[in-house]
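Asks: Work the whole structure out from these sequences, hints included.
Protein chains: 2
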Amino acid sequence: MNEIQDLQLRIDEAFSGIRFPSSPADLYDPISYTLGLGGKRLRPLLVLASCQMFGGEIDDAIHPAIGIELFHNFTLLHDDIMDAAPLRRGKETVYKKWNSNVAILAGDTMFALANKYMLRTRHQAVSPVVELFNQTAIEVCEGQQYDMDYEHRQDVTIADYMEMIRLKTAVLLAASLKTGAIIAGAGTADCNYIYDFGINIGLAFQLKDDLLDVYGVQEKFGKVSGGDIVAGKKTYLYLKALESAGPQSEDFRSLYASHAIGSNEKITKVKEIFDQLHIEQHTRKLIDEYYQKALHELSCISLSGEAMEALREYTAGLMEREN
Amino acid sequence: MNEIQDLQLRIDEAFSGIRFPSSPADLYDPISYTLGLGGKRLRPLLVLASCQMFGGEIDDAIHPAIGIELFHNFTLLHDDIMDAAPLRRGKETVYKKWNSNVAILAGDTMFALANKYMLRTRHQAVSPVVELFNQTAIEVCEGQQYDMDYEHRQDVTIADYMEMIRLKTAVLLAASLKTGAIIAGAGTADCNYIYDFGINIGLAFQLKDDLLDVYGVQEKFGKVSGGDIVAGKKTYLYLKALESAGPQSEDFRSLYASHAIGSNEKITKVKEIFDQLHIEQHTRKLIDEYYQKALHELSCISLSGEAMEALREYTAGLMEREN
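Residue numbers (my numbering), protein chains in the order written: chain R, 1 to 323; chain D, 1 to 323.
Watch out, some of these pointers could steer you wrong.
A pair holds if it fits inside one copy or across any two, identical chains being indistinguishable in the list.
Claimed, not checked - Result set (EDC-like, lysine to aspartate or glutamate): computed pairs, CA atoms no more than 16 Å apart in a straight line:
(1) K266 with D251
(2) K116 with E131
(3) K271 with E297
(4) K96 with D149
(5) K116 with E139
(6) K91 with E13
(7) K240 with D275
(8) K266 with D60
(9) K293 with D213
(10) K116 with D60
(11) K293 with E151
(12) K40 with E243
(13) K233 with D83
(14) K269 with D83
(15) K266 with E306
The hints are simulated quantities; they were obtained by calculation from the structure and are not laboratory data.
Replies: Next comes the structure, spelled out in structure tokens:
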């Protein structure tokens, strides 16, 4: 068994040991339900892997790792209300299964719980860890607000979009890695390099998500391919196509925004235009640029390549997925 | 000018100095709007008064004081969504002026901001202060959940109600006082006495609120007298009347729950029954019991009566209000 799998086991064990009070049931049942849906638990893994890489103790990092995952799940609970999303990980969302009041309050409770978990680390690390955590929380909220704003705006640029996904997605991955580094007692420069590695990996991951929604190998479970196109979501692919379409851009904008056309027909037509404009190639190139930037940040850290191999290999694996 | 007024000035100054980013506007404008509505700012005052009483530095307590008020305002933002409340302090609620998504996300951001403010104190106090803060936040959420549950339950007892208002209201006042004490470096016993003082004062305040809704001198602004009766809210007065009504309790329950009857007629009829059952006297007696308990807790603290006089006098003033 490799190091990363050991850490994954440790995280699963920690989550299965969490117990909540039985009352009030409408507060704690939705929290247990949400955590029971599982998920990849990528963020706590990044906390532990980073902590271990910098020579820290996993015991000092396991509770903050749980805290960050609790926070991530809290944001999903509230995002699902805002997006009126009926399903999450193939199951009914809390807002749909109970109601939006339950999802609001269970989410608030999870955020408070998350903060309590963040405190359970080395005394020296408490202030910087909790400060980073709440600053990141604010940035994630900003990202969600921009995401909602962009649904109604016609002037969203690629730069706007990259800043939105930096806030909504990348900063939490970066903060997870930096949290592990702080707990391990890494120096300021190394903490910043691992954070910037996380930002670039996070941007690359989100662009890959956008890409796979259109060009992914059909999955057995999960999202329907082309869901972003059907919903008219302003992804990188859409914005790049709009930028590249020249005189046809207004026709393309109308097509992409349309809900009058059938889903399959819309996907086919949009994909044809993406193909004409080489959007897949553009996107893969940009993903690779961010990935190379990430690797460069990693190479600046004052550790041997060997010490960083587990994290490098794990993130490389995530980059390679095609569904 | 007395000590308490000095502290109030200090708090008002601190709030008027807070600036938020201009973008995203739909995230930060509602936060500025909410803080601009003002309010008594009782909780930050309790933080500072307690800190000063135990010999601490106001500079160490001012940021946590702001953090607790930010938290309190965050709970109001989310409560107003859950209660579908159109007005707060005579102005439109955020959920009504913008929409519920804006109120959810602005609230989440305020909670994260509040945690950042809690960290800005003496290094030694950070862990216990932030731990108490988030534990209290969880309890406030539990209180709000019980409050919503009780709207639909017919078997709510006076003991249930007292536990609900302890969680929803009293723990935050108690935590405010204890936060000031921790920052001042007070001993564990004193921290617990001031906390229990806060719990009993908090229960007395909430019962007084319930009482004044029915028996208060008509205010110029704010709540309409009898609003709890019109809404059929299960207050202490209602539960005590139900307990005392004997064979008439089912008729009284129906009357109180009814929305078919005109507001003024309902208030008059319910008040008649309250008067027959001496509910005002029962309530005033219970308020005084909690107030006396609070004063007893205060007398256990290892400080001179003189040192505690400002806080005692200030809370006595709050107890005496009749509108």
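Asks: Next, verify each hint and record whether it holds.
Replies: Hint-by-hint comparison with the structure:
1. In this assembly of identical chains, K266 and D251 lie within 16 Å of each other by CA distance solely inside one copy; the values are 13 Å within and 62 Å between copies.
2. For the homomeric pair K116 and E131, the shortest alpha-carbon distances inside one copy (13 Å) and between copies (6 Å) are both at most 16 Å.
3. Taking identical chains as interchangeable, the C-alpha atoms of K271 and E297 are never at most 16 Å apart, the minima being 35 Å within one chain and 72 Å between chains.
4. For a Cα distance limit of 16 Å, the shortest separation of K96 from D149 qualifies neither inside one copy, at 23 Å, nor across copies, at 18 Å.
5. In this homomeric assembly, K116 and E139 come within 16 Å of each other (Cα to Cα) only across copies, at 13 Å, whereas the closest approach inside a single copy is 20 Å.
6. With identical chains, the CA atoms of K91 and E13 are never at most 16 Å apart, being 23 Å at best within one copy and 49 Å at best between copies.
7. Only within a single protomer do K240 and D275 lie at most 16 Å apart by alpha-carbon distance; the minimum there is 12 Å, versus 73 Å between protomers.
8. Neither within a single protomer nor between protomers do K266 and D60 lie at most 16 Å apart by alpha-carbon distance, with minima of 51 Å and 60 Å respectively.
9. In the homo-oligomer, the alpha carbons of K293 and D213 never lie at most 16 Å apart, since the shortest distance is 24 Å inside one protomer and 63 Å across protomers.
10. Within a single copy, K116 and D60 get their C-alpha atoms as close as 14 Å, which meets the 16 Å cut-off; across copies the closest is 22 Å, which misses it.
11. In this homomeric assembly, K293 and E151 never come within 16 Å of each other (Cα to Cα): the closest approach is 29 Å inside a single copy and 56 Å across copies.
12. In this assembly of identical chains, the alpha carbons of K40 and E243 never lie at most 16 Å apart, being 34 Å within a copy and 53 Å across copies at closest.
13. Proximity of K233 to D83 under the C-alpha cut-off of 16 Å is restricted to the intra-copy arrangement: shortest distance 12 Å within a copy versus 32 Å between copies.
14. In this assembly of identical chains, the alpha carbons of K269 and D83 never lie at most 16 Å apart, being 26 Å within a copy and 46 Å across copies at closest.
15. Proximity of K266 and E306 under a CA criterion of 16 Å is satisfied in neither setting, with 48 Å inside one chain copy and 78 Å between copies.
Against the hints set out earlier in the document, violations occur for numbers 3, 4, 6, 8, 9, 11, 12, 14, 15.
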